[in-house]
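Residue numbers (the working numbering), protein chains in the order written: chain L, 1 to 669; chain U, 1 to 220; chain H, 1 to 484; chain Z, 1 to 318.
Careful: at least some of the hints might be erroneous.
What the hints assert, rightly or not - From the derived model, a few chain H residues whose C-beta atoms are all more than 12 Å from chain U:
hint, residue
1, Thr71
2, Val195
3, Ala271
4, Gly359
5, Gln477
As the list claims (entries may be wrong) - Covered stretches of chain H, going by a simulated chain U footprint (3 or more residues, C-beta under 8 Å):
hint, stretch
6, 127-138
7, 274-285
Claimed, not checked - Pairs of lysine to any residue residues, derived as SDA-like cross-links and limited to a Cα-Cα distance of at most 20 Å, are as follows:
hint, chain 1, residue 1, chain 2, residue 2
8, H, Lys441, L, Val155
9, U, Lys172, H, Gly190
10, U, Lys172, U, Glu128
11, H, Lys441, L, Leu556
12, Z, Lys56, L, Arg154
13, H, Lys441, H, Ile381
14, H, Lys441, L, Val159
15, Z, Lys32, Z, Ile197
Keep in mind the hints are simulated off the structure, nothing from the lab. These numbers were taken from a predicted model, which means no experiment stands behind them. Just so it is clear, CB atoms sit at the ideal spot from N, CA and C, and this is done for glycine as well.
Listed below are the residues making up each chain.
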Amino acid sequence: MTLTLVLACAAALLALAPAAVIVSRSPAATPLIYGASLIVTAISLAAALAHLLGAAAPFSVTLPVGLPWLGAHFRIDALAAFFLVVVDLGAFGASLFALGYGAHETAPGRVLPFYPAFLAGMTLVVLADDAFTFLLSWEFMSLSSWALVVSHHRVPDNVRAGYIYLLMASFGTLALLLAFGLLAGVDGLYGFAQMRVAHPSATFGALALILALIGAGSKAGLVPLHVWLPLAHPAAPSHVSALMSGVMTKVAVYGFVRIVFDLAGPPAWWWSILVLALAGVTTVMGVLYALMQHDLKRLLAYHTVENIGIIFIGLGLALAFEVYGMTFAAALAFTAALLHVFNHSLFKSLLFFGAGAVLNSTGERDMEHLGGLIHRMPRTAFVFLIGCAAISALPPLNGFVSEWLTFQAILLSPQLPSWGLKLLVPAVGALLALSAALAAACFVKAYGVTFLGRPRTPVAAVAAETDRFSLAAMFLLASLCLLVGILPGLFINALAPVSAMVLGGHMPAQTGAQWLALVPIAESRSSYDGLLVFVFMVLSGGLAAIAIHRLASDRLRRAPAWDCGYPDASPATQYTAMSFAQPIRRVFGSVVFAAREHGEMPPPGDVRPARLTVTIHDLIWDALYAPIAAGVGIAADRLNSLQFLTIRQFLTLVFCTLVILLLVLAIWS
Amino acid sequence: MSSIDFDVAHLLAGSLVLFSFLELYQDRLYALLNIYALHALVLAASVAWQAFVQDAPHLYVTAFIALVFKAIVIPVVLHRIIVRLGIHREIETVVGVGLTMLAGIGLVALSMVVMLRVTPGADPLAREDLAFALSVVLLGLLMMITRRNAVSQVVGFMSLENGLVLAATGAKGMPLVVEISIAFSILIAFIVIGIFLFRIRERFDTVDVGVLDRFRGDRR
Amino acid sequence: MTLAGVTFNPVAGVLLVPAVAAALLALLPGYRVTARLNVLATALTFACALSLLFGKPQPTAYFLVDDLNGTFIVLTTFVGFTTSIFSASYIGHELEIGRLTPPFVRFYHAMYQVLMFAMNLALVANNIGLMWVAIELATLTTVLMVGIYRTHEALEAAWKYFILGSVGIALALFGTILVYMAARPVIGEGLDAMVWSVLVKRASAFDPALLDVAFVFLLLGYGTKVGLAPLHAWLPDAHAEGPTPISAVLSGLLLNVALYALLRFKMLMAANAGALAPGPLMVTLGLLSLVFAAFMLYRRRDIKRLFAYSSIEHMGIITFAFGMGGPLANFAGLLHMAMHSLTKSAIFFAVGHIAQVKGTQRIADMGGLTESHPVLGWGLILGVVAIAGLPPLGIFTSEFLVVSSTFAREPLLALILVFGILLGLAALFLRLNGIAFGEPKGPTGKAQASYAPMFAHLAIVLTAGVYMPPALVAWFQNVAGLLG
Amino acid sequence: MVLIPDLAVQGAQMLLVLVLAPLLTGFVRKIKARLQRRQGPPIVQPYRDLVRLMRKEVVLADNASWLFRIIPYLIFAATWVAASLVPTFGTGLLFSWAADLIAIIAFLGNARFFLALAGLDVGTSFGGIGSSREMMIASLAEPAMIMIVFTLALIAGSTQLSTMAEFMASPAVGLRVSLALGLFALIMVAIAENGRIPVDNPATHLELTMVHEAMVLEYSGRHLALIELTASLKLLLYVSIIACLFAPWGLAAAGAGWPALAVGVAAYVAKLAAGGFLLAVFETSIAKMRVFRVPEFLGAALMLGLLATLLRFVSGSF
């Protein structure tokens, strides 16, 4: 029953798209469309939750649409239900946020029709149960999000970002298409049920993995294929950026899990090495890129790349454990990855909503032009702080829980016999730890430079607090972050059916330990009690406050900050995003980005200002994408001369083809 | 098919290939036109002979068309065009005559090899006939691509068309032969008028910018 | 099908209506009347074609209607009908700005109907000689229409099309003669050895070597008409210089008709076991055209030439699909032929109006179309999305089937195919960004244009992408089996 | 009802930690002064400082926001909870299972995160210098610390600190190469985290050299008292971690009687004194590094930690 309800919701969303085109002229369009999608996603969320929590049996339905002899198969099982919850929760938050944020949209006609289509696309991808429907909704999702990315087409960068995005999305889809071609075999059995039964040969399975890594990896943002993500996500309106970063990348992870864990048959031992290596590099590169940015939304987009790396580390470990039959360890790693999927969709959407609120009230995305917003937008600042703390994996919040579980999974891996893993897993653990610390630095920079300090531009000085819908959405997500951080046991029990379905085993039930502590493997080994930790923090903080309030003096005097006696310390003397990242850039950037600083001091007596130029190169773009583009350009130039030949020369072409074919004929048989 | 019929048809087809070779050899326009007239004459003879052998009266119509239209009318008209356009000087060939002849021989060899693999079951005349027809077609095409001069290219096309008529008449009992040869004649008429109408000067592709090539669309 | 006593043979209807209309249109002077008559004639032909679907007449010596050409006749007449509506408003505008004079419009309408007649004749012809004559007639009429603007570029394009077309048609004739020569010892002399339905039954007994040579000549002859890579030279200039309705008909229909003729001969080859499988030849030519055209898209500065090369690219994909063979790939090829003709003609409808509104065909002078002319802009975007093979439109379905079925059998070929498709998509969207988005460039006057044909085509392609009527599927699957 | 005594022991630990922290700082300053042949302030001077600061009024910068005023309490809470979870005189305390070593490191990360934000809040360049350098140091120190935790967890089979201490106390641990590497790396990280001499000078307020002091430049009065207490608490935390893992003698077993606890406290105080003494000697014998030499210093610590973990992964015996 839930499946038919969810499909009805998807159909309703699809129907909303043309309706939006018709109604987009009238001012009521924005609340109408976003309100409608809010309701529809709420219903769909409820249905998905019911199916996940009730651990209901998988239910499938076939519609006469799609490939003529196959029909369109849709199926909801535990895995699909979980990702549906992630999609619908993100969509619900984004629609709620958009009710307020959408009013500022300059060209609603270009955003409203594609928003519900985008939601419907994501829902259908998660439910699809045959290769054609899966790829149709996958590419439809990319197409509608491309339209949203180029909605502000007056800015040339957005159009370029949209172009690169669509190109990479099509590249990913074609890779997935090849993977499904393999899994479907010669006689074209495109149904997932048929694929599960017909296990492909080892080589086909390996090829399917590599193609799934390329296809789903490019959509999720694994490092060599991530270049489009930091261009496309910031270009879209903020609620769509939140959806793309928080939710669409998760649909890509779903695609990878569905193909590799479900369809591609038993994994080989080296699969996990490939996934773990890629994931480790993605984690660190993502956060190092983020540290170099001073555009708030680009920083968040790059940071999505890092979190995707963490998720794929969990998946890689699960693959490794599954190969050697360590089901419980595999379940732990897999649940850690799924929990991080859920957590990331929460706090990344929250942060993008915050960035959207800042963009709305100041019209600025560049952190160098912001500052001191905590005074003008206190509530947004508070909730953005919770988001930053969550993403930096600070204890009482949810980011820490999934990272802690991933660390526990890494600590289980010495029992893996393969030598490759014995050397790779500690290195990946070190990269994960390094990226966690760098993430904290990155978000101190993001929050400090944007919200704290003094306003650097007049625009930041007069910013107004955002509207109540946006705040409602942000507070909803912040409270969820706290809830997952405090009661992780509840959410892990909810994930048990998913890992049971995919891996055949799940983590021990979390209800046993006292005070709802989280015990991943065994009581003696390790446990973490989010609730108790939170209570302790509040108690000791409160105790200190009461003691000081009663004992110490409560006199307080405002005075100008100490600035070594300078008469008027202008806001420019504050630390900016680039200067904050300077030490870390010098430590890591000089290697990873070939970062060079060139200071140019005018001769004494010259009043010209000194100038510091920092050059950062995106080595991946220079090494991989620039040569390809150049290659295509050269080939196009060379072939272009064929357009300007004379008639005689064209006839020569015809003549040569004829002679060659006759020669082939003569020689062949 | 008595052997005498076979020998005469074989001889005529062979001489058609010979004339194609002669056309390749020419480097002056008038001579080329005369050789082409002979080429058409031999074709007419061969078609007439086929008509006599297969006692198919409609082939006489094709033979008559080949004789009057191709052997007489077209060369005269082209002759006058050459005088009007004043291009009766040398024919600039793209490749030396020696190399073109070598290529021609290669093409004839290729068509022999390709055609002889056909099982002897089909009566030998059809197989020999097709081999010669294929050679004439290929030589005609070779002529078109090794000449810069518009008129010589048209002559190449017409000799290619003669090869086709030879093949068509060789195929005993093939319907629509007459209609096809008429269709081709109209085609050639269009070409000749085309040349005259567009006042194509010296050549299609000129080293110095020719009339047409300056206007190729989508300039680089 | 008897209608009130008069035995009304739809095949005759499909042929006679355009022939009579051509004669009539050649005489009538007024533009208003001739444009409407042109639309009426094509509508009538479309009706006859539809009636053809229900009662398929018995094949006679000269005409044959089976599953394969049934659908294509309907498709050809339908696109002919919608293009005539588009051409009514297009030519009306051309008359206003004086690029065409009334006598030429009369000539244009007459030639348009003759072209319809020729294409329908080629589709229903059972006699391979008649099919050759029909295609030759179609080429001649399009040559005349390409040169209608009398500008130097148009004349040069027409002349190039004429010479290359003539050489191509000569090679095709030689192939037809060879097929007759191969059939004569088995079927006997005379008309029967030229009748396709008889040929395909007895093809297994023909001499394989002769059939191979025949197929080589036919592949090159009709391949020139299909616009495959080494033989494509005439196509871009003919599209760019001729009036846009002709480009739509050329890209949408004439390429399909030529490829249909090639398929007829591929059926013969498939029936003969000994013959060298035609697959490898078509696969090589298909991939060559796909990759070559994809690379050529990057440097195009004229919008119609851009989409002409896109037609070459798609013809390459279709030929590749038929070259691979097997039920899935053949079905995909047939579906792709139908979808490509609908999508490409819709794109040319949009391009025609865009060129008229912006007064130029240079891509650099167009910009911000979605702002200055939203309907045209989004129509073009939908068209390009469809032609690039993105879902939910029909071409995605056929590309899905071709790529996945090929990868399981020949992984390397599938990689080249995917590379070509991606390259083409990249170039098309690179140009689309320049045209559709950004600051509006060029005149932004109101476009008086007929949008109905464009959106009708795109609607059909959209529905075909998601749902296909079972009858059509059955026909295509039946033919896919025949194609081998 | 065994709960009341366990609660009492846990409460005693929390109070003990709070009381001893300023003493340890005072003791280290005293030893350094004596080593530099000067009298130096009495050991109890830190307590006097705290009381003095408590009474003074808070001078708040104009630009300081509500966050600036909450942060001292947040930092103190996080550090105090972390310190109370580290076994000082006895293992197996009532709430020891609530958080393991990774969580304790995360608490310290929490404190550092908010302290860096406080530095940025006032909007002067000094706060910026402190925060940006602190985050650079943290970006290398934290992964090194996690690598050390990996090594110890793989040896002891658990990340629970009290279980690890009991395992270290048992003879089963034996002498291992990875343990030695871990100890060395832990000491380097402890020095960096607490801003001791080679990385940062706790005594001076010279802008160019200071890291920790720059962030708290704007604090005064009772807020500064809390921050000073937190800093000394953090120093005590690190010394007690090193003590309980690498010198676990005298730790009272879980639920042991009063005499064992008394022996535990005495041993703990002795260990603190020894630790403080060694720290003072080390600080006086070494000069402060340039800021951009610190990454190599901490990089070495990270490499040591990674090497130790790698050895543990490769085979059980290392």
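Would you say Ala271/H is clear of chain U, with no C-beta pair closer than or equal to 12 Å? 18 Å, holds
Given the hinted pair Lys172/U and Glu128/U, is their alpha-carbon gap at most 20 Å? 14 Å, holds
* Asked: Regarding the pair Lys56/Z and Arg154/L, is the alpha-carbon distance no greater than 20 Å?
  -> Measuring from Cα to Cα gives roughly 58 Å; hence the hint is violated.
Hinted pair Lys441/H and Val155/L, Cα distance within 20 Å
15 Å, holds
(request) Confirm or reject the statement that Thr71/H sits farther than 12 Å, beta carbon to beta carbon, from all of chain U. (result) 28 Å, holds
Is the Cβ of Val195/H more than 12 Å away from each Cβ in chain U? 10 Å, violated
- Query: For the pair supplied as a hint, Lys32/Z and Ile197/Z, is the alpha-carbon distance within the 20 Å limit?
  - Reply: Status holds; Cα separation ~12 Å.
**Message:** Run the distance test for Lys172/U versus Gly190/H: straight-line Cα separation, threshold 20 Å.
**Reply:** Status holds; Cα separation ~8 Å.
Item to complete: Apply the coverage criterion to the stretch 127-138 of chain H and chain U: a residue qualifies when its Cβ sits closer than 8 Å to a Cβ of the chain, and three qualifying residues are needed.
Response: holds (count 6)
- prompt: Is Lys441/H close enough to Ile381/H, meaning Cα to Cα at most 20 Å?
  reply: 17 Å, holds
- Query: Lys441/H and Leu556/L: Cα distance at most 20 Å?
  - Reply: Given pair Lys441/H, Leu556/L is violated - Cα atoms ~63 Å apart, limit 20 Å.
request  = Compute the least Cβ-Cβ separation between Gln477/H and chain U, then decide whether it is above 12 Å.
outcome  = Check passes; 35 Å lies beyond 12 Å.
The earlier numbered hints that this structure contradicts are 2, 7, 11 and 12.
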